[in-house]
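With the hints as extra help, turn the sequences into a complete structure.
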Amino acid sequence: MAKTSEKRLEVLKTYKIYIGGQFPRTESGRYYVATNSKNENLANVCLGSRKDFRDAVVAARNAFGGWSARAAFNRGQILYRIAEMLEGRKAQFIDELMKQDSTKALAESEVNLCIDRLIYYSGWCDKFQQLFSSVNPVASSHFNFSVPEPTGVVAAIAPQNDSLLGLVSVIAPIIAGGNTGIVLASATKPLCAVTFAEVLNSSDLPGGVVNILTGKVGELVPFFADHMDVNATVFCEADAATQKLIKEKASLNVKRVLLYDKVKWSTATGQSPYFIMDLQEIKTTWHPIENIGGAKAGY
Amino acid sequence: MIATKMIPDFSAPVHVDQVGIEERASRFTKRSIKNETKLNGLMLALNMIDLTTLEGKDTNGKVKQLCYKAQHLHDAYPGLPTVAAICVYPSMVKTAKAALGNSGIKVASVATAFPSGQAPRDVKIRDTKYAVQNGADEVDMVISRGKFLEGEYNFVFDEIAAIKEACGDARLKVILETGELVTYDKVRKASDIAMYAGADFIKTSTGKISPAATMPVTLVMLEAIRDFYYKTGKKIAMKPAGGISKSKLALHYLVMLNETLGEGWMNNEWFRFGASSLANDILMQLMKQKTGVYQSANYFSID
Amino acid sequence: MAKATKNNTLKLKFDSARNLAPAPESKSAAKIDPQYDLFINGKFEKPLSKKYFATINPATEEKLSMIAEANTADVNKAVVAARTAYEKTWKKMPPAERAKYIYRIARMIQERAREFAIIETLDGGKPIRESRDFDVPTAANHFFYYAGWADKLEYAFPNRRTEPLGVAGQIIPWNFPLLMAAWKIAPALACGNTVVLKPAENTSLTALKLAEIIQEADLPPGVVNIITGAGATGAAIVNHADVNKIAFTGSTEVGKIIQRAIAGTNKKATLELGGKAANIIFDDAPIDKAVEGVINGIFFNQGHVCCAGSRLYVQESVFKEVVRKLKDRLETMILGEPMDKNTDIGAINSKAQLDIINKYIKIGQQEGAEMYQPSCAIPKKGFYCRPTIFTNVAQSNRIAQEEIFGPVLAIQSFRTDDEVIEKANNSPYGLSAGVWTDKGSKIFNLTTKLRAGVIWANTFNKFDPTSPFGGYKESGFGREGGLHGLSAYINLTT
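Protein chains in written order, with our numbering: chain A, 1 to 299; chain B, 1001 to 1303; chain C, 2001 to 2494.
By construction, these hints were calculated from the structure, which means they are not laboratory data. Glycine is no exception: its CB is placed at the ideal position from the N, C-alpha and C atoms. Hints are not guaranteed to be accurate.
[Stated by the list, open to error] Okay, the calculated beta carbon distance ranges per label pair:
| hint | chain 1 | residue 1 | chain 2 | residue 2 | range |
| --- | --- | --- | --- | --- | --- |
| 1 | C | Asp2151 | A | Phe145 | 24 to 32 Å |
| 2 | B | Asn1040 | C | Lys2439 | 39 to 47 Å |
| 3 | A | Ala240 | C | Leu2492 | 21 to 29 Å |
| 4 | C | Asp2284 | A | Ala69 | 17 to 25 Å |
| 5 | B | Asp1009 | C | Asp2151 | 32 to 40 Å |
| 6 | A | Ser28 | C | Ala2073 | 50 to 58 Å |
| 7 | C | Pro2158 | B | Lys1030 | 39 to 47 Å |
So, in structure tokens, the structure goes:
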């Protein structure tokens, strides 16, 4: 039997992009070959285009209303589910990381960290609001409170130097806070990103909440920054020229720009509720308080 | 009468916002009333007063004195208007009518088991008819607050309509006793019931319950009058009563009246102050305007 | 009696309500110098530019004073002073001591409140009632509120330490000159930063009066520098290499220019920009209160308010009633000399702004919207605009989309909740919104779905030092006021 199995032709995986809960090929029909340091060809990967990004923004915008309106508890459950799914497919990720030059020990620890990070943010889903909200003691007879609300559609360029950890570290705070997003995977290490999209797709995460593209940063970054229906852009590289380009283009619609070039994702400082808050708006609501006969109602 | 089909469903909720009403009412107090506007306002306020005595110890003598005061507010200041009316209990109507003669000052009588209104309807009707037969030009009735608070709006409506009928040609003022209704929503509802049932005036208070008239509660009633006017074309008069004793406050009420119902209401056919001590405060202010020196109560008669 | 209801012919008359005897506030309680210099390093200094420009009273077009125009060299002088004060004094000062300086400023504004109110009204054209009852007390309260934060910052950010940013460049608009200066300076100082502030060129006077107070309060020299000038001066602040933070309140157009200008730097920014707020009246609203809120929402400060409720949406079943009541209410509004205590609508801040407003009024008419203005007279001198409402407006009208920044209201009707939410959010702006309904559950539905930073439910245009203010989308980012306003002036470290 062993012999026949040796003869069996392995089924190769097609690495496609993830938009609106579907796995289309890039509309451009272009691809590039992902390689590793030994110059082995690992896979043909979609070379995502401006129009793929456009489609992803439409998908993210459509998903925003529903996702932001989900109960925070439910978002937490879904993030937890993503972690469970990732745990179940750990071997595949370790395998892919090793193909992309990681050692077994490092790959294992990276996947474990990703799972733990998802669980960390799962827990924050229904807690950060309590920490960062306030009831404001205004002098007039009004009840006044401030709460964080998601900024909207976030376009993020994932850290380019690692395959999975950076991606997960960027995606988790976006969706934990109720935003939807478009994430550009590491161009040099794209395999895990596509496989992670499959994890997302099997985790009760509604289609369109996270959209993952593969392609070249230099080509796509202007669109991540100038699209008028994107509310925030996240960039993680210490590349001053690109940072400037993003900030300039962001001014077209007063986008929020978050630069995470100094973050060490593999340490404890790579996770915190402040990453969630970076992509939140503070909303303040006023309402009059009746005061008949008795003492003044105050907060 | 208002056509039956126009009478609204009084059990439906009304929408008055307490904080908003109070904010708006306080805005009127920010108006700065100076010089000739102040003089005209004070004269007008004087002319809108229902000079009132409603005490268990009222006597013919007391009422006669009050009626004299009504006609001679302060003879040292020539050209003053008279007050609008004298307001007394039914037993004093005859005395007041005689004392006022043809001065043009009206006699208003409280009725309907004032101030509580806790009497059977036929007693209230007899009370009203007695006042009218004795010469009352105006009748100040009280609504049955207990029934109102029980939600018996039809009872309250029918009672007002019955008293209106008993009034004949006398104008009917309907006292809501807002201090017992407590919320502005209820004041608004009671105002609507009174107007649709035939009130000529709506009036805040008996003066026996605190709080009596306030600017916000009066504003709620003025707004009710405005909406009623736009719905039916019929003007209803307003009388805040109790608690208005200073001329500055009276001027604020007039600003509120002027900016809520407009100049069509700026006379004593359509607005009254139910007050007893307001007159002297206005007189002191008028004398201050005239002489330029601050006044002492010793120079103004008390009746 | 009641020839029942020819509603359309009934009309209340309010002519006499407007004809009150003049009640002018006395100008003598305020001293305005003929000329003002730049407040740099604790002293009033002649501008290196050697240039001055005139500031006028928009209600009379009379010149009030000459104001120094800071050029790049002046800006540099101010930034150097701020940097030196930051490094040598302010950063090192115990926070509790910092707090006491800020408290002192608050108290001194309260003491001189009347003078501030008069100058604010003379310089900017807003009614004295508003300067006196709103602008000045709220400005003092803002200093008082933030003073107390100075030594409590570690409680505001869980699991983080805070550090100041350094020198903050602050550029403020002409609609609430003193109040905006307070909104900017108070949190910056509390968090340990030093400041270079530029008021708008039309309304520099109260900021310069504030400089006098800061001098009197013995604030260490250079901690607050107040320099005057127009756009070029502002640009010099934005582009100065040694400024760590830009805080700007003004138009979205300029906000975008600033965001672009600092793209290649590490400067932090908060932008508080334009708005086109939706104010929504449902059929179960307390209508009289809602009408009052609409009036306050759009005619407060002549509509020169970034969060003004300039788009009114009224449910169709109460549309006629609301419009009728609005028109009645407009008839009682007193337009005229801002120094008169009875004035509700004062002067438009400048000729340029009046031209913009008039342009939009014309556009509204050309677009086929129906205009209504009350019959009030307009003073012969000065810049005035009658309160204006437009009905028969569609979402696609420019007057319903673009910020006019004047007393102009665009009214549309709607049928269902979904429809009005969609229309309210159909704007690049997201600063504020208003909701009027008696139904609590609807309020919370609406406040959640409206994409704006401040939601007023059954109220409008309320402000408080404890209450964060700021926008979504193109209305800017960052918050001013409250606990959340601190974030704008600190770095977090672990």
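Consistency of the hints with the structure:
1. Range check, aspartate 2151 (chain C) to phenylalanine 145 (chain A): Cβ separation about 25 Å, and the 24 to 32 Å hint holds.
2. Between asparagine 1040 (chain B) and lysine 2439 (chain C), the C-beta spacing of about 45 Å keeps the proposed range 39 to 47 Å intact.
3. Under the hint 21 to 29 Å, the C-beta atoms of alanine 240 (chain A) and leucine 2492 (chain C), about 23 Å apart, fit the expected range.
4. One distance hint, 17 to 25 Å for the beta-carbon pair aspartate 2284 (chain C) and alanine 69 (chain A), holds here, with the actual separation near 24 Å.
5. Distance hint check for aspartate 1009 (chain B) and aspartate 2151 (chain C): the Cβ-Cβ separation is about 60 Å, which falls outside the suggested range of 32 to 40 Å.
6. Take serine 28 (chain A) and alanine 2073 (chain C): their Cβ atoms lie about 53 Å apart, and the range 50 to 58 Å holds.
7. The given range of 39 to 47 Å is respected by proline 2158 (chain C) and lysine 1030 (chain B), whose C-beta atoms sit roughly 44 Å from each other.
Checked against the numbered hints given earlier, the structure breaks only hint 5 and satisfies all the rest.
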